[in-house]
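Let the hints inform the model, and build the full structure from the sequences given.
Just so you know, the protein sequences line up as chains A and B, in that order.
Just so it is clear: in the first sequence, position 22 is 66 by our numbering, and no numbers are missing.
Just so it is clear: in the second sequence, position 89 is 110 by our numbering, and no numbers are missing.
What the hints contain is simulated information worked out from the structure, not anything from laboratory work.
None of the values given here were measured: they were computed from a predicted structure.
Where hints are given, some of them may not hold.
[Claimed, not checked] Computed footprint of chain A on chain B; a stretch qualifies when at least three of its residues, placed anywhere within it, have a C-beta under 8 Å from a C-beta of chain A: (1) 128-140; (2) 147-161; (3) 215-225; (4) 265-274.
Yeah, the Cβ is synthetic: ideal placement off N, Cα and C, and Gly gets one too.
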Amino acid sequence: MNLIHNRPDAGGDAAEGVARNDVEAVNAAGQRDLYQKRQQIYPKLVHGKFRMAKWVFLVLALGVYYLLPFVRWDRGPDAPSQAVLIDFPNTRFYFFFIEIWPQEVYYITGLLILAALVLFLVTALFGRVWCGYACPQTVWTDLFIAVERLFEGDRNKRILLDRAPMSFNKAWRKGGKHAVWVLIAAATGGAWILYFHDAFDLLRDFFTGQAPLTAYLFCAVLTFTTYSLAGLMREQVCIYMCPWPRIQAALTDRESLNVTYRTDRGEPRGRHKKGESWEGRGDCIDCKACVAACPMGIDIRDGAQLECIGCALCIDACDDIMDKISRPRGLIAYDTDDNVTRRSQGEKPRFSFIRPRIILYVVLVIGVSALMMLGLNTRDELGLHADRDRNPNFVVLTDGSVRNTYTINVQNKAYADRALRLDVAGDPALQVQVLGVRGETVLEIGPDRTRLFQVFLTVPPEAALRHSIPVTFTITDPATGETATAESFLVTGAAP
Amino acid sequence: MAEHEKMPVDEITGVETTGHEWDGITELDNPLPRWWLWIFYASIVWSIIYMIFMPAWPALPGFDGHTRGLRNHSERANVAVAMSELEARRGPMFEQLQRVVDDGGVTAILDDGDLLNFTLAAGRSAFGDNCATCHGAGGGGGLGYPNLRDDDWIWGGSYDAIRHTIVGGVRWDAHPDTRFSQMPAFGRDGLLTRDEISAVTDYVMTLSALTVSADADLALGSEIYAAQCASCHGADGRGDTTQGAPNLTNNIWLYGGSREQIQASIHRGPYGAMPSWDNRLPEPVITALAAYVYLLGGGETLASMEEASLPAPQTGQPG
Numbered sequence: 045m046n047l048i049h050n051r052p053d054a055g056g057d058a059a060e061g062v063a064r065n066d067v068e069a070v071n072a073a074g075q076r077d078l079y080q081k082r083q084q085i086y087p088k089l090v091h092g093k094f095r096m097a098k099w100v101f102l103v104l105a106l107g108v109y110y111l112l113p114f115v116r117w118d119r120g121p122d123a124p125s126q127a128v129l130i131d132f133p134n135t136r137f138y139f140f141f142i143e144i145w146p147q148e149v150y151y152i153t154g155l156l157i158l159a160a161l162v163l164f165l166v167t168a169l170f171g172r173v174w175c176g177y178a179c180p181q182t183v184w185t186d187l188f189i190a191v192e193r194l195f196e197g198d199r200n201k202r203i204l205l206d207r208a209p210m211s212f213n214k215a216w217r218k219g220g221k222h223a224v225w226v227l228i229a230a231a232t233g234g235a236w237i238l239y240f241h242d243a244f245d246l247l248r249d250f251f252t253g254q255a256p257l258t259a260y261l262f263c264a265v266l267t268f269t270t271y272s273l274a275g276l277m278r279e280q281v282c283i284y285m286c287p288w289p290r291i292q293a294a295l296t297d298r299e300s301l302n303v304t305y306r307t308d309r310g311e312p313r314g315r316h317k318k319g320e321s322w323e324g325r326g327d328c329i330d331c332k333a334c335v336a337a338c339p340m341g342i343d344i345r346d347g348a349q350l351e352c353i354g355c356a357l358c359i360d361a362c363d364d365i366m367d368k369i370s371r372p373r374g375l376i377a378y379d380t381d382d383n384v385t386r387r388s389q390g391e392k393p394r395f396s397f398i399r400p401r402i403i404l405y406v407v408l409v410i411g412v413s414a415l416m417m418l419g420l421n422t423r424d425e426l427g428l429h430a431d432r433d434r435n436p437n438f439v440v441l442t443d444g445s446v447r448n449t450y451t452i453n454v455q456n457k458a459y460a461d462r463a464l465r466l467d468v469a470g471d472p473a474l475q476v477q478v479l480g481v482r483g484e485t486v487l488e489i490g491p492d493r494t495r496l497f498q499v500f501l502t503v504p505p506e507a508a509l510r511h512s513i514p515v516t517f518t519i520t521d522p523a524t525g526e527t528a529t530a531e532s533f534l535v536t537g538a539a540p
Numbered sequence: 022m023a024e025h026e027k028m029p030v031d032e033i034t035g036v037e038t039t040g041h042e043w044d045g046i047t048e049l050d051n052p053l054p055r056w057w058l059w060i061f062y063a064s065i066v067w068s069i070i071y072m073i074f075m076p077a078w079p080a081l082p083g084f085d086g087h088t089r090g091l092r093n094h095s096e097r098a099n100v101a102v103a104m105s106e107l108e109a110r111r112g113p114m115f116e117q118l119q120r121v122v123d124d125g126g127v128t129a130i131l132d133d134g135d136l137l138n139f140t141l142a143a144g145r146s147a148f149g150d151n152c153a154t155c156h157g158a159g160g161g162g163g164l165g166y167p168n169l170r171d172d173d174w175i176w177g178g179s180y181d182a183i184r185h186t187i188v189g190g191v192r193w194d195a196h197p198d199t200r201f202s203q204m205p206a207f208g209r210d211g212l213l214t215r216d217e218i219s220a221v222t223d224y225v226m227t228l229s230a231l232t233v234s235a236d237a238d239l240a241l242g243s244e245i246y247a248a249q250c251a252s253c254h255g256a257d258g259r260g261d262t263t264q265g266a267p268n269l270t271n272n273i274w275l276y277g278g279s280r281e282q283i284q285a286s287i288h289r290g291p292y293g294a295m296p297s298w299d300n301r302l303p304e305p306v307i308t309a310l311a312a313y314v315y316l317l318g319g320g321e322t323l324a325s326m327e328e329a330s331l332p333a334p335q336t337g338q339p340g
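Shown next as structure tokens:
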């Protein structure tokens, strides 16, 4: 539905200070060339509560991103004291009180599932608020546009500057903008690598040329992607590269609070002269302030659409106009499709936050969180695996007894030295010998360590008549009573 | 010069076609995407830069194979550097191993978990490269190739004996300290008759309690054994590790324990050889290798040398 074109021009200014914007939605309906070049979008600065919310969120999000690597977390002398650290060399992942070993990546899977569910929930409730406020693409693009505005001025000035021939003025403004963009992009890439090493050490090494090559490489890659995605590609990332706009349609419904143009109030639209009556016409004066403000270059009055990231800047822009023409705010607002229908039929609008899908998402979020917390709280701090040597499968000794060799992998996830007792059950005649352990079979292991032990199990000739003997390795921490077991078996070469 | 013909234009899109047609389908001559072209041009520029800096072109005869490039890059040199770096990294650990073994003997390795795991890892990799061909990847051996994981040792199973065998080899003439012994080929060389070999085979089988047929001439066998075999294998058949004579009284048979196999061994007099690894492997690697083989579970020596290390038989609970 295209409501913009072929509308008779009403002419004249509506109110003091309301200028008409010479702007077309980039996705306006009509014949478009498949190979059409990208139309540059010049979002106009708006003021209002949603713009302020975006500034606040931008500062918070970037603040967390840039400062988090420097937050310390004491884990004792043998572990890194960085609160959030992905430690690839030592295969550990630290997130405040959570420590994850490589075989426990399902916690990360759980976190991702949780993130997806929360995203579903928020989208079903409030539309694409993630895209509009929290998505890194939005946050950095917003920042880059702010820098652009700083150097080149607001929308109209930027358009004029782009049309103007090259001059010293244009050169320094453009050059300065790109220089600051590159600086921000480099800081983005620079902060990223801090999550993979001790931040303070790496920062020093980075500037003295001592950091590993991968650090420079990833810093360069992220500098490049930040600069090109947030500076140059902007809305194209959301429209062409991101899958989320395609999914969101399935997650929002007629009861979701989307950024909505209230057609019931706005139509029929048209220019409005000062002093003219508002009878028999809508509140929309077709000033296109909403289109000029949109960072995606669309016209929200065309309804919910794939390109809309739900940033609500059009609401701020429209509210400003409404104030100037002395009409109530909220011609564009967070509203539901059902409410628009209800009002146009003379019913009262209402909001139903409790809907089956909302209940489902909430239940799932709570369920997954509970499972994760349960998993984390009952996480074993002791691990044991037993690998039987298969080459050779078994060894016959001079007296006819049979021996199998095992490599057992003991994991101590606690930050303390441990002395663990090893018991092997399976056959009363079983003889246990651990290489490097004298006397009692006590396995010593350092804090937060994994250690391998060679274990020999021998059965005398009588027991060796059985083909296969199931054995169970058990390690016990006498201090805490914790145990871990591993199943294996012993083969003798006797016919089954 | 061929005249450039105007290509037919596709009606629907208004785009020129290439003029190629397959079953009525013609190909549109759309321009290549700009981003693709830019990457293509960038690749050309990159290839020229690459050719300037890196070895690229085969050179004319007499000009040393190929162009060197400004960076003088050589993968062979890189490998050499990587190898020396690896050696530098491993070196201290090997030195520590050598020092520990020299000072405290092989059992001292057992007191240091890290050193033990290093020794096992280094030994395993050296074993895989040099010994696995004959003794099997896990040291399990095979017919004619001793099993290194059991508790029967032809030349002795102490750390020092194992090391000696590795250094000198077995029946390896080129090394002065090689292990040497030779069993006569009683049959092939006509020292014993077919019947005598048959009788002594039966007698040898009784030494390790193998079942022999009722009509076996054990008296003749015993007589021949005493005369021909006892000097090396011992009157009671327990062998002698000082001269590499295998123990005949246990369950372990290097050349097979069936009647045919034992008889064949007496007939031909086995002459298995192992190369000397002296000067082939660095000293510390030989140390790691000997320790590794020793620690594979050499029973006899592990038990006698480290009485303390062997726990009393554990009373396992029935599974």
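Results of checking the hints against the structure:
1. Note: the segment 128-140 of chain B has 6 residues with beta-carbon separation from chain A under 8 Å; the three-residue rule is met and the coverage holds.
2. For a cut-off of 8 Å, the count of residues in the segment 147-161 of chain B with a CB near a CB of chain A stands at 5, and the three-residue condition holds.
3. For the segment 215-225 of chain B, the proposed coverage by chain A is not satisfied: 0 residues have a C-beta within less than 8 Å of a C-beta in that chain, short of the threshold of three.
4. Check result for the segment 265-274 of chain B against chain A: holds, 4 residues qualifying (beta carbon to beta carbon below 8 Å, three or more required).
Checked against the numbered hints given earlier, this structure breaks only hint 3.
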